[in-house]
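2 protein chains.
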Amino acid sequence: MDEEKKQPFSLESDGNSFDQLFASIVNKLPINTSLSPLRYDLNAGVPDRESLPATALLTATEHVLSHDAGGALTYGGQQGYLPLREWIAARTSRLSNIKIDADQVTLTSGSAHGLQNVALTFLDPNDTVILGAPTYPGAIRTFQARETNIVTVPQDAEGLLPEKLLATIRDLKEKAITPKLLYLIPTYDNPTGTTLPLERREAIIKIAHDNNILIVEDEAYAGLDFDGPPPPSFYSIAEGKGIIQLGTFSKTIASGLRVGWITSSQAIVKTLVHMRFDNGASPFLHRIVLHFLESGEYIPHVTRLQSIYRERRDATELSLRKHANPYIDFTKPNGGFFFWLSLKDPLTADQLRSAAMKSNVAVTSGTTYFFGSGGENKIRLVFSALPPTDLENAVQILGNVMKTLVNNT
Amino acid sequence: MDEEKKQPFSLESDGNSFDQLFASIVNKLPINTSLSPLRYDLNAGVPDRESLPATALLTATEHVLSHDAGGALTYGGQQGYLPLREWIAARTSRLSNIKIDADQVTLTSGSAHGLQNVALTFLDPNDTVILGAPTYPGAIRTFQARETNIVTVPQDAEGLLPEKLLATIRDLKEKAITPKLLYLIPTYDNPTGTTLPLERREAIIKIAHDNNILIVEDEAYAGLDFDGPPPPSFYSIAEGKGIIQLGTFSKTIASGLRVGWITSSQAIVKTLVHMRFDNGASPFLHRIVLHFLESGEYIPHVTRLQSIYRERRDATELSLRKHANPYIDFTKPNGGFFFWLSLKDPLTADQLRSAAMKSNVAVTSGTTYFFGSGGENKIRLVFSALPPTDLENAVQILGNVMKTLVNNT
Numbered sequence: 393m394d395e396e397k398k399q400p401f402s403l404e405s406d407g408n409s410f411d412q413l414f415a416s417i418v419n420k421l422p423i424n425t426s427l428s429p430l431r432y433d434l435n436a437g438v439p440d441r442e443s444l445p446a447t448a449l450l451t452a453t454e455h456v457l458s459h460d461a462g463g464a465l466t467y468g469g470q471q472g473y474l475p476l477r478e479w480i481a482a483r484t485s486r487l488s489n490i491k492i493d494a495d496q497v498t499l500t501s502g503s504a505h506g507l508q509n510v511a512l513t514f515l516d517p518n519d520t521v522i523l524g525a526p527t528y529p530g531a532i533r534t535f536q537a538r539e540t541n542i543v544t545v546p547q548d549a550e551g552l553l554p555e556k557l558l559a560t561i562r563d564l565k566e567k568a569i570t571p572k573l574l575y576l577i578p579t580y581d582n583p584t585g586t587t588l589p590l591e592r593r594e595a596i597i598k599i600a601h602d603n604n605i606l607i608v609e610d611e612a613y614a615g616l617d618f619d620g621p622p623p624p625s626f627y628s629i630a631e632g633k634g635i636i637q638l639g640t641f642s643k644t645i646a647s648g649l650r651v652g653w654i655t656s657s658q659a660i661v662k663t664l665v666h667m668r669f670d671n672g673a674s675p676f677l678h679r680i681v682l683h684f685l686e687s688g689e690y691i692p693h694v695t696r697l698q699s700i701y702r703e704r705r706d707a708t709e710l711s712l713r714k715h716a717n718p719y720i721d722f723t724k725p726n727g728g729f730f731f732w733l734s735l736k737d738p739l740t741a742d743q744l745r746s747a748a749m750k751s752n753v754a755v756t757s758g759t760t761y762f763f764g765s766g767g768e769n770k771i772r773l774v775f776s777a778l779p780p781t782d783l784e785n786a787v788q789i790l791g792n793v794m795k796t797l798v799n800n801t
Numbered sequence: 393m394d395e396e397k398k399q400p401f402s403l404e405s406d407g408n409s410f411d412q413l414f415a416s417i418v419n420k421l422p423i424n425t426s427l428s429p430l431r432y433d434l435n436a437g438v439p440d441r442e443s444l445p446a447t448a449l450l451t452a453t454e455h456v457l458s459h460d461a462g463g464a465l466t467y468g469g470q471q472g473y474l475p476l477r478e479w480i481a482a483r484t485s486r487l488s489n490i491k492i493d494a495d496q497v498t499l500t501s502g503s504a505h506g507l508q509n510v511a512l513t514f515l516d517p518n519d520t521v522i523l524g525a526p527t528y529p530g531a532i533r534t535f536q537a538r539e540t541n542i543v544t545v546p547q548d549a550e551g552l553l554p555e556k557l558l559a560t561i562r563d564l565k566e567k568a569i570t571p572k573l574l575y576l577i578p579t580y581d582n583p584t585g586t587t588l589p590l591e592r593r594e595a596i597i598k599i600a601h602d603n604n605i606l607i608v609e610d611e612a613y614a615g616l617d618f619d620g621p622p623p624p625s626f627y628s629i630a631e632g633k634g635i636i637q638l639g640t641f642s643k644t645i646a647s648g649l650r651v652g653w654i655t656s657s658q659a660i661v662k663t664l665v666h667m668r669f670d671n672g673a674s675p676f677l678h679r680i681v682l683h684f685l686e687s688g689e690y691i692p693h694v695t696r697l698q699s700i701y702r703e704r705r706d707a708t709e710l711s712l713r714k715h716a717n718p719y720i721d722f723t724k725p726n727g728g729f730f731f732w733l734s735l736k737d738p739l740t741a742d743q744l745r746s747a748a749m750k751s752n753v754a755v756t757s758g759t760t761y762f763f764g765s766g767g768e769n770k771i772r773l774v775f776s777a778l779p780p781t782d783l784e785n786a787v788q789i790l791g792n793v794m795k796t797l798v799n800n801t
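Sequence order for the protein chains is R and L. Just add 392 to the spot in the first sequence (first one is 1) and you have the numbering used here. Just add 392 to the spot in the second sequence (first one is 1) and you have the numbering used here.
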């Protein structure tokens, strides 16, 4: 705690300002990202608005309120609606080839809330967490808010580097620091779009097991496959051992529902449920989601999404090659929402972002995704939210901005 | 951190058990309360199932999904849907006679989640919080999870005692401890059902202002008036100064929606929004709730609830007088969900609770509502969830159990 906070202050003279009473971490946390008002928003990682299953969700709501209004509209417990947990357990069992029980699933208000639940359950202040560099800024904020010691491991075009992970853990051990938890987004990573290959997954699991480090596997983009299925999940490879898997319906149904889940061992799930302070998520939403999942419309809906987003990825890639080729390097993502561009000299992310804004294109600077320094020559570009023509226009503008910047240097 | 946690452990030998990795607070937190499977559940503070506005909520959902599916089903920001915040601000303005702006309102996943948001924003470990004794167990857990120093001030039949509050603060100051925050439920308190009279409210505000202590006013039961309106809120009396007010639609619409809010100064609300880690609450639910509020059905619905719960309160009171009079003292609540019974010698709460369970009646021991010791001769009895006949039967059984216990002592 800093000294300033300990100074007395006068409510009388200071009206409504209670700044002195804020927790010490408040001013150290980065600000949350938000939507951009610009014409071309390649900034916010949001799903396509046109393909939202509004009609199917209305049908589901009608069913739920006419068949189970009492269950839907009263408290549903901290762990969430059992039949939805059963559905998730059955699907995860199929995908991972492991028998998973409904007791191994807990429902959260989106996977971001799930991650906070994990942070509260496993981390004391000063505990050490390992994150990829770059990674999801919401994860950085969540672990920072727990006042943990954050250590990063670099990622390359195939994701987190096992040998760097091992070296980092060895360095920490030499300082008598035992990391508790490794957080990663192995499939269609945010922000890099990369998918960890099987061999890296296996190597990382071995390192984690050897060092008793828990792996938090964020599967937010799971299911948005454009080029066939990704490698088996960490959960599947490790047969669940030492893995906490975060899932969400934000990307495959609707981000506005705020329905996510966590899958892990029974003991861990029991403790995650214990460390809830919100009286549980909405049983109304749980029932609506389950009815939609069971309607037979969910699988075709996800297939449709895959095709929409694949088309957008391809349009973006083509435009990038056409309009920005001399200025960037990138790897084509196999799913998800993101391109991660490496800017060639002399371009920098901050410079490009500012200049693009003036031309009505919003992109995010790579620095947003690093704890500490990094990403100064990286840009994240979201292709999920706009139709192909808009993406092509936006990328063309971006290419022109790059050209102008390079020529003026 | 205790030594045990620092011991190495083997994932190989220990399967899925990661107990050693849990945060140190995990095993110190009391378990969450839950519903009872018994025939007469006077234990869980839940609304009446029969009076849920299912039809009106379905109409609202139809409207929302046909007019604003894009807004309802995509991320809505951390602060929540502006028109719903405007509605809440306008209503609070009317009720408190102060001009409140939508920027002074933030939407949460129920008021329990709001309280956690407050705890994260204002409290560092070892900060001191003042709670009433007894109080809402969810508040105790939430503040415990922040590893704060919890200090309690006794309540009598009219709520928190201002002179005891002042004495407590003086004692703390002598030990160089400056409390930051006072949490209370001034209207239809959980568990006591009491409503703080105006003079006490004024005295408590003066003490808080003199000592730069923030007041968190939990208005979870606001609106459930049986005998006319309660005294003005703390927010109204203090003209908002140094007050954080928690609100929820759980009691007047449906606890299964999980829609609550916080009202305070703009600066405080801005910081509460900053200290969110869940990507915001559900914009789908926000729109459904707003449409119901504006439908013209909300006010009659609340009036109907008042009459349903008034009838239940009266039936319970009558039955308590008839069947349990020799064994208890209590004050009739003017609203809300709860009777708080003081058991006369030789009855104890634990003994009564166990014996009642065997006769299919669930009640909660007073000890649940105290941090540390207290409540050993108190019982909380919920009258909201059951119709009058069930309440009469349950209270008759409870009276017989008391009689038997007393006669067998």
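Among the hints, a few may not be true.
For identical chains, the list gives no copy identity; a pair is met inside one copy or between any two copies.
As the list claims (entries may be wrong) - DSSO-like cross-link-like pairs, simulated, lysine-lysine; straight-line CA separation at most 27 Å:
no. : residue 1 : residue 2
1   : 420       : 633
2   : 556       : 795
3   : 598       : 662
4   : 556       : 750
5   : 420       : 567
6   : 491       : 565
7   : 598       : 750
8   : 750       : 491
Hints are computed from structural coordinates only; laboratory data are not their basis.
Checked hints:
1. 420 to 633: between (34 Å within a copy, 26 Å between copies)
2. 556 to 795: neither (35 Å within a copy, 72 Å between copies)
3. 598 to 662: within (26 Å within a copy, 44 Å between copies)
4. 556 to 750: Intra 39 Å, inter 61 Å, cutoff 27 Å: neither.
5. 420 to 567: within (25 Å within a copy, 30 Å between copies)
6. 491 to 565: neither (35 Å within a copy, 57 Å between copies)
7. 598 to 750: neither (48 Å within a copy, 52 Å between copies)
8. 750 to 491: Neither way: residue 750 and residue 491 sit 53 Å apart in one copy and 38 Å across, limit 27 Å.
Checked against the numbered hints given earlier, this structure breaks hints 2, 4, 6, 7, 8; the rest are met.
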